[in-house]
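Chemist: Just so you know, the sequences run in chain order A and B.
Going letter by letter, the first sequence gives residues 1 to 370 in the numbering used here.
Going letter by letter, the second sequence gives residues 1 to 126 in the numbering used here.
Check before you lean on any hint, since a few could be wrong.
As the list claims (entries may be wrong) - Chain B stretches covered by chain A per the calculated footprint, using a threshold of three residues with CB under 8 Å from any CB of chain A:
#1 37-43
#2 53-66
As the list claims (entries may be wrong) - Cross-link-like lysine to any residue pairs, in silico, SDA-like; alpha carbons within 25 Å at most:
#3 B/LYS63 x A/ASP236
#4 B/LYS63 x A/ARG317
#5 B/LYS12 x B/ILE22
#6 B/LYS63 x A/ILE16
#7 A/LYS84 x A/VAL265
#8 B/LYS63 x A/ARG354
#9 A/LYS304 x B/GLU33
#10 B/LYS120 x A/GLY37
#11 B/LYS102 x B/SER92
#12 B/LYS63 x A/THR343
Hints listed in this document are in silico derivations from the structure and should not be mistaken for laboratory results.
All C-beta atoms, glycine included, are put in the ideal place defined by N, C-alpha and C.
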Amino acid sequence: MSEPTAAPRPTALHKIHEQAGANLVDFAGWLMPLRYGSETAEHTAVREAAGLFDLSHMGEIRLTGPQAGQALDHALVGHLSKLKTGRARYTMLTAEDGGVLDDLIVYRLGEEDFLVVANAINAPLVASTLATRATGFDAEVVDESADYSLIALQGPKAVEVLAPLTDADLDQIRYFAGYEHTVAGVPVLLARTGYTGEDGFEIFIRPADKAPEVWTALMNEGAGHGLVPAGLSARDTLRMEAGMPLYGQELTAEITPFDAGLGRVVKFDKGEFVGRAALEEASRTARARRLIGFLARGRRPLRKGQDVLRDGAVVGRITSGAPSPTLGRPIAMAYVDGDLDTTTGTFTVDVRGRGEEVDVVELPFYQRQS
Amino acid sequence: MSVPTELGYTAKHEWVVIEDGIATVGITAFAAEALGDIVFVEPPEVGGEVTAGEPAGEVESTKSVSEIYSPVSGEVIEANETLEDAPETINSAPYEGGWLFKVRLSEEPSDLLSAEEYTKLIEGEN
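Working from the sequences, and respecting the hints, build out all of it.
Modeler: Quick look at the structure:
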């Protein structure tokens, strides 16, 4: 865990955020934009036009060498050696007992070259765990987090904003693909990934201090398309509407991928890997809990940590909750008892002693029309 | 940040204006800006009593829940019902359409801050 005593670290885009009037907060040891103006307007801009996010706090860990893929197969739950160059995969790092230590996106940059993108708070742990687990493989693990800036361009207008600024043919970059390209003349890893439920790109910039050039070029190009800078507050409500888990909330070391409804990321057809025995057991046995969605009938926001009741008895707890700008009502994700019949009964959430009526809904809350 | 000169203020970022023994209460532009988009308001119950310095309701933003402290004592005679469907009015018009509730004073309020004093206070917090 990071020590909260040190002053939060600014990103390479700090001056730009200050000039834009950002409300900056300490997030996982980084000084990050929470919002620039109205977070609801930023959220809506991403759904209807486009938003630009500074995600430079995310961790980037590089694995290179003839056995880099095999090392990742052993260290993570996914089958990464099978990944084609230029493609990306959502995967997880678990403990020996199957508990989730982080959720990750792994990019295969070359035959012997992988980039693992970790949550900021977990990046040091992911780097050290990968290094330990790569022992005995012909692979080198380097934490390159400090070398990279990361900018995400997300929203239905992302392609239009980016196309004039890049050498890439964006039609050729599929979802969960990433290649070396240039944006605004800067060499980057350009990936079609995101955490908003919209089409968009994540742009990995190395060296980190080239980020302002890319940011400014995108903002200038996007001005006519409704592009706005967007902060972590909008990012959180966007990912919540898209039903995407957040480490520390839906995913923790006490939760297996199967509990979270993400058992599909665990690949058993790849030989031995850390956590295999526990995860096989978890895949066979009935789940102790499962993740479901709630939509409130009233307007009072639902929040993380609040108890969920069915007919007055506590059956679960909210892991993420917020007013949904798209739906116009509060939404929440919650773990409930695994064998709970959610099709009957009256569900309420205990909001500081008051029972707010909610309805069980299918996740995700929002899915873009493609 | 606007701090209208004709209003009284509290250190907890409420404003109050008193006319004919009736106080109208809201939260300041500084508070609204610090909270972010207001998404829910729970005003005190009409007919109930509020006490100066005591919690009298809640405002919730995307990220937080905050208590409203009444700057005055007395009986609540009206709550701003338009905030139920349009809580964002507190962000757009904190001193006008975003007022929260009205109180028939049971006693004259003491130790309200002037606009000048409140401005100094928020400059210190910035």
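Chemist: For each hint, tell me whether it holds in the structure or not.
Modeler: Going through the hints against the structure:
1. 37-43: Check passed, 4 qualifying residues.
2. 53-66: holds (count 4)
3. B/LYS63 x A/ASP236: Measuring from Cα to Cα gives roughly 10 Å; hence the hint holds.
4. B/LYS63 x A/ARG317: holds (18 Å)
5. B/LYS12 x B/ILE22: Holds, at about 21 Å.
6. B/LYS63 x A/ILE16: It holds: about 24 Å lies between the C-alpha atoms, which stays within 25 Å.
7. A/LYS84 x A/VAL265: Distance of about 17 Å is within 25 Å: holds.
8. B/LYS63 x A/ARG354: Within the cut-off at roughly 19 Å; holds.
9. A/LYS304 x B/GLU33: Satisfied, since the Cα-Cα distance of roughly 23 Å is no more than 25 Å.
10. B/LYS120 x A/GLY37: holds (24 Å)
11. B/LYS102 x B/SER92: Holds, because 20 Å separates the two Cα atoms, which is no more than 25 Å.
12. B/LYS63 x A/THR343: Violated, because 30 Å separates the two Cα atoms, which is more than 25 Å.
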